[in-house]
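Assemble the whole structure, with the sequences as input and the hints as a guide.
Chains as they are written, first to last, in the numbering used here: chain D, 1 to 368; chain Z, 1001 to 1626.
Quick caveat, the hints were computed from the structure, so don't treat them as lab data. These numbers come from a predicted model, not from an experiment. Don't take every hint at face value.
Said to hold, decoys possible - Pair by pair, the computed Cβ-Cβ distance ranges are:
1. Z/ASP1096 x D/ILE240: 39 to 47 angstroms
2. Z/VAL1043 x D/LYS293: 29 to 37 angstroms
3. Z/VAL1239 x D/ILE83: 37 to 45 angstroms
4. Z/ILE1157 x D/ILE150: 55 to 63 angstroms
5. D/TRP182 x Z/VAL1043: 39 to 47 angstroms
6. D/ILE240 x Z/ASP1287: 57 to 65 angstroms
7. Z/GLU1048 x D/TRP182: 43 to 51 angstroms
8. Z/TRP1039 x D/TRP182: 34 to 42 angstroms
9. D/LYS293 x Z/GLU1048: 37 to 45 angstroms
To be verified - 25 angstroms max Cα-Cα, derived SDA-like pairs, lysine to any residue:
10. Z/LYS1045 x D/ILE240
11. Z/LYS1021 x D/VAL296
12. D/LYS293 x Z/ASP1287
13. Z/LYS1045 x D/LEU246
14. Z/LYS1021 x D/HIS297
15. Z/LYS1045 x D/GLY79
16. Z/LYS1021 x D/GLN181
17. Z/LYS1021 x D/VAL282
18. Z/LYS1045 x D/GLY244
19. Z/LYS1021 x D/GLY244
20. Z/LYS1064 x Z/GLU1151
21. Z/LYS1045 x D/ILE229
22. Z/LYS1021 x D/PHE364
23. D/LYS293 x Z/VAL1029
24. Z/LYS1021 x D/LEU292
25. D/LYS293 x Z/LEU1033
26. Z/LYS1095 x D/ILE229
27. Z/LYS1206 x Z/ASP1287
28. Z/LYS1254 x Z/ALA1304
29. Z/LYS1021 x D/ASP12
30. Z/LYS1021 x D/LEU283
31. Z/LYS1021 x D/TRP182
32. D/LYS293 x Z/LEU1025
33. Z/LYS1021 x D/ARG137
34. Z/LYS1021 x D/HIS130
35. Z/LYS1045 x D/VAL279
36. D/LYS293 x Z/ILE1022
37. Z/LYS1045 x D/ILE281
38. Z/LYS1613 x Z/GLY1591
39. Z/LYS1021 x D/PHE171
40. Z/LYS1021 x D/LEU189
Note that the Cβ used here is the ideal one computed from N, Cα and C, for glycine as well.
In case you want the letters, here they are:
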Amino acid sequence: MKFDRRLIYHFDWTLLILVLLISFIGLVNIYSAGFRSFAGQENLYIRQAQWIVLGLLFMGVAFSIDYRLISHYAYIILGVSVILLLVVLLFGYATRGSQRWILMGGFSFQPSELVKLTIILALARYFDDHRSGTAYRLRELLVPFLIVLIPFLFIIRQPDLGTALILLILFVSMVFFAGIQWHSLLISLATAVVLLPLGWHFLRDYQKDRILTFFNHERDPLGTGYHIIQSMIAVGSGGILGKGFLKGTQTQLKFLPEQQTDFVFSVFAEEWGFLGCLVLIVLFLTLILWGLKIAVHSRDYLGTLISFGITMIIFWEVFINIGMVLAVLPVVGIPLPFLSYGGSAMVVLLAAVGLLMNVSMRRFLLQP
Amino acid sequence: MAQIPGRLNEYDPGEFRARFKILLLIVLVALSLLLIRLWYLQVIKGEELRARSENNSVRLRKIKSARGLIMDRNRQVLVDNQPSFDILFIPNRTKDVRDVISKLERLYAERSLQYDMDLTQLKRQASFMPVKLEKAVTREKLAVVETHALELPGVMIDVVPVRKYFYGESLAQILGYIGEISPEELEHDTSGCFAGDLIGKFGIEKYLDPYLRGINGAEQVEVNVVGKEVRVIGRIEPVAGYNVMLTIDAQLQKVAADALGNRAGAVAVMDPRDGAILALVSSPSFDPNLFNGRISFHDWERIAKDPEHPMENRTITGLYPPGSTYKLVVAAAALQEDLIRPDTSILCRGTFDLGNRTYRCWQKKGHGMVNLHRAIVESCDVYFYNLGKMIGVDKLAWYAGQFGFGAPTGIDLPRERAGLIPTKAWKLAKLKEPWQMGETISLAIGQGFNLVTPLQLVNAYSTLANGGTLWRPRIIQRIETQDGRVLRDFDPEIKGRLPLSEKNMELLRQGFWGAVNEGGGTGYALKRLGTDVCGKTGTAQVVGLPEDERARKMMRISAQQRDHALFVCFAPCGYDRRPEIAVAVIVEHAGHGGAVAAPIARKVIDAYFESKKTLVNKQSPVGIGS
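Take a look at the structure:
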């Protein structure tokens, strides 16, 4: 395959710098969250830095290969990642009552993170292949629905409600973007309303607790509401300017649960205050808008769908995670992109950004 | 060519412009919502939530690991842990710190309880950290705090395991004590200690601290406004420390300590067969139980500044002139170097002249004609002055080294001292003066620069007793886990072999047997049927060697300058008998060894064989004849 110099010329530096900036903030924040913790956790920020480096390698791979070639294998890639999910269910190891990881060599890997990205690729491929010019009808959406449903069920079995929810939201977003007929939309909404109480029975007790608690924080201040209340106290006590780096008492006293992962934003908010949060949210907003811009300016529909899907994942995760920490949304285990500690999520996210770059730098190329 | 998906000609982003706009709107609204919420939490309610964060009632509580026990050779427990109660205070639990403190003081005063609260930490620490108000409080105070918990927000009781030393003073310097880690120690610590952790500070507690300590656990607990614990959020179990078994025989140790009484001195008891230490007594002593966190400043001053140094383990750090007990080395050197034969006789008239100086025998009128055996029995100084002159200082020093003098014995206790065995080179290097022959004469009867520890003495005589094996004395027998699994056994360790022929050693043993058992022997007071004891008395002059007897008597007036009494012995002796016990006794400023030190050794040896007899009786099957 011939190498085109214009690819370098059109490389998306803005996107790279944005992502590196946010990742760096995340790294500093994990250093603070992990500071003075129990032995064995003290090197978390070093681990995270290693994950970022690994992620940058995957990013390089992801923007080097033309996304149309990647898309050609989209279903195979999805198939592999779904098989990995199955492996997790059968042989994976569990922590905190949930079986999400497979051990590979010395480190663990979370296939559910990978599935987010492979589903985008598969959905983009499907909608690109089956473009009708008019809005889709329910029958035509059956295949993409199945594409999402199978991994969705696997992930719900783990159980990982957060990731499953993200898959569902992603599907809805992509369908909305691809276009759906009004009456089909109404029918699905009606079905969802009917299925909702049924789904309630499938939720585990702690999941029900979380949702109930969301409607009344003080319902069980020492139980489930505990996280939310403590998280709100941590965020609020940051004030306008924050308590300063490494000064967050809530964090340093180690009572905030999951503070390196799902509740990492509360650490940030306590130490950097409203101004810090404003900067971070503006950075995320810029990233999302940049992603949408790439989608709009893509040279083909496939590129638009891929970059749109990736941008949506980042947007929804940011919104749901921060919303959860700020007690605007119920507690669901969704990490904050680039800030939460987690190797698989970080590597997959950076690879996804690589795909965004892929679309961005090839927008000037014509059909080969 | 592979078919690449994508239909450029049909593609028109314009079709999706409207949807993009809707999405843009959703993104903007969602993120604005977050910012509004942040504004509400951090700016509008910021103050209130900050106040709440400072009252937050979750804290991390350390669970102290149980420190390992220390046992004697018969598994008699010497140290264990018992609960003690501290009163803690968390300043941020109350608005008015002064008020709570004075309320507590009033409650104490009403019951006329003594109190001594440490309020200095209150200012130094962050307000959410617990401060230790009082350590090791009485049950009465405990009751006061418990019943008035509601009036005393922030005040709470902490249960701390405290070391209980069952043998108190008699084992104080060996076992040592524990205390809170000091800032300096914390700085050099590599084992993950935190401020407030208890570590070994002295003796075995210090020496084996890493084994005894165990690993602390932790617990995340939630407490309500009154300071009452509501629930435990998380817990890491502590790991108990290892138990330690010593070679010490606690009963024998007690006998030795009682025999020495309140006189300053030391008793070292060793098994010559394997170098195991049976007892190490140093007097005066202190009560290690005082160091259980409850030591008052007054007590500490009293112990630390006592001119008699009760915290010093004299058996390994006390340096004494060996006096006549050193004649062992001199006789051994002269025999082995073939300078004398056993029947070589010398006339003792009570004095020995060298140049223009005269050296006296302790027996003013002289011993008459004495051979080696009688010279040892009667401890004739003149005989040994002659030997010393023949041997010379450096040869003598070499033999002293073979007996283990002049170097640490290597016992497993911290801070052991080497003592001093002078040589010509040493004096030239240290004092920049050449060696004087007269100094060798003094050395020959154990005076002069010579300094030995009681442990070195008992070790040297053990070497003769066991036929020439110089052991590394051992006090630690075994380290085992809480459930009795042996982690490490300490085996006997040979440090060297005496360069003496078996014949010469037998000659020496007969001499030391005579010193105790023959008429005219200096240790005759010790003579007892049954257990034959070999031994040597010694009288170590504290101040030089005054030639004028009147001057010497004058000096004895001051107790500080009276001679040290020494006695070293081993038993049982005789044909086909292997000595099982060696004892060295030093009583400071007590006068003559035979009169003062020997009876102490007698009691120890008697107790040893007495307990052995009962042990044998217990073990031997009853009713052989029936």
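Checked hints:
1. Z/ASP1096 x D/ILE240: 39 to 47 angstroms: At roughly 30 angstroms between Cβ atoms, D/ILE240 and Z/ASP1096 fall outside 39 to 47 angstroms, so the hint is violated.
2. Z/VAL1043 x D/LYS293: 29 to 37 angstroms: This hint holds: roughly 32 angstroms between Cβ atoms.
3. Z/VAL1239 x D/ILE83: 37 to 45 angstroms: Because 42 angstroms falls inside the window, the suggested range holds.
4. Z/ILE1157 x D/ILE150: 55 to 63 angstroms: holds, 59 angstroms
5. D/TRP182 x Z/VAL1043: 39 to 47 angstroms: holds, 42 angstroms
6. D/ILE240 x Z/ASP1287: 57 to 65 angstroms: With Cβ atoms ~59 angstroms apart, the hint holds.
7. Z/GLU1048 x D/TRP182: 43 to 51 angstroms: At 47 angstroms between Cβs, range holds.
8. Z/TRP1039 x D/TRP182: 34 to 42 angstroms: Holds - the Cβ-Cβ distance for Z/TRP1039 and D/TRP182, about 37 angstroms, lies within 34 to 42 angstroms.
9. D/LYS293 x Z/GLU1048: 37 to 45 angstroms: Between D/LYS293 and Z/GLU1048, where Cβ atoms are some 41 angstroms apart, the hint holds.
10. Z/LYS1045 x D/ILE240: holds, 11 angstroms
11. Z/LYS1021 x D/VAL296: The given pair, whose Cα atoms are some 11 angstroms apart, holds under the 25 angstroms limit.
12. D/LYS293 x Z/ASP1287: It is violated: about 81 angstroms lies between the C-alpha atoms, which goes past 25 angstroms.
13. Z/LYS1045 x D/LEU246: holds, 22 angstroms
14. Z/LYS1021 x D/HIS297: Holds, because 14 angstroms separates the two Cα atoms, which is no more than 25 angstroms.
15. Z/LYS1045 x D/GLY79: violated, 49 angstroms
16. Z/LYS1021 x D/GLN181: Distance ~19 angstroms between Z/LYS1021 and D/GLN181 Cα, so the pair holds.
17. Z/LYS1021 x D/VAL282: holds, 19 angstroms
18. Z/LYS1045 x D/GLY244: With a Cα-Cα distance of about 19 angstroms, the restraint between Z/LYS1045 and D/GLY244 holds, given a limit of 25 angstroms.
19. Z/LYS1021 x D/GLY244: Roughly 38 angstroms separates the two Cα atoms, so the pair is violated.
20. Z/LYS1064 x Z/GLU1151: At roughly 29 angstroms apart (the allowed maximum being 25 angstroms), Z/GLU1151 and Z/LYS1064 break the hint.
21. Z/LYS1045 x D/ILE229: Given that 25 angstroms is the threshold and the Cα spacing comes to 13 angstroms, the pair holds.
22. Z/LYS1021 x D/PHE364: holds, 24 angstroms
23. D/LYS293 x Z/VAL1029: Status holds; Cα separation ~18 angstroms.
24. Z/LYS1021 x D/LEU292: holds, 10 angstroms
25. D/LYS293 x Z/LEU1033: Holds: D/LYS293 and Z/LEU1033 sit about 22 angstroms apart, inside 25 angstroms.
26. Z/LYS1095 x D/ILE229: holds, 23 angstroms
27. Z/LYS1206 x Z/ASP1287: At roughly 17 angstroms apart (the allowed maximum being 25 angstroms), Z/ASP1287 and Z/LYS1206 satisfy the hint.
28. Z/LYS1254 x Z/ALA1304: holds, 24 angstroms
29. Z/LYS1021 x D/ASP12: Status holds; Cα separation ~23 angstroms.
30. Z/LYS1021 x D/LEU283: Status holds; Cα separation ~20 angstroms.
31. Z/LYS1021 x D/TRP182: At roughly 19 angstroms apart (the allowed maximum being 25 angstroms), D/TRP182 and Z/LYS1021 satisfy the hint.
32. D/LYS293 x Z/LEU1025: holds, 14 angstroms
33. Z/LYS1021 x D/ARG137: Distance ~23 angstroms between Z/LYS1021 and D/ARG137 Cα, so the pair holds.
34. Z/LYS1021 x D/HIS130: holds, 24 angstroms
35. Z/LYS1045 x D/VAL279: holds, 20 angstroms
36. D/LYS293 x Z/ILE1022: holds, 14 angstroms
37. Z/LYS1045 x D/ILE281: With a Cα-Cα distance of about 20 angstroms, the restraint between Z/LYS1045 and D/ILE281 holds, given a limit of 25 angstroms.
38. Z/LYS1613 x Z/GLY1591: violated, 34 angstroms
39. Z/LYS1021 x D/PHE171: holds, 19 angstroms
40. Z/LYS1021 x D/LEU189: holds, 23 angstroms
Of the numbered hints stated above, those contradicted by the structure are hints 1, 12, 15, 19, 20 and 38, listed in ascending order.
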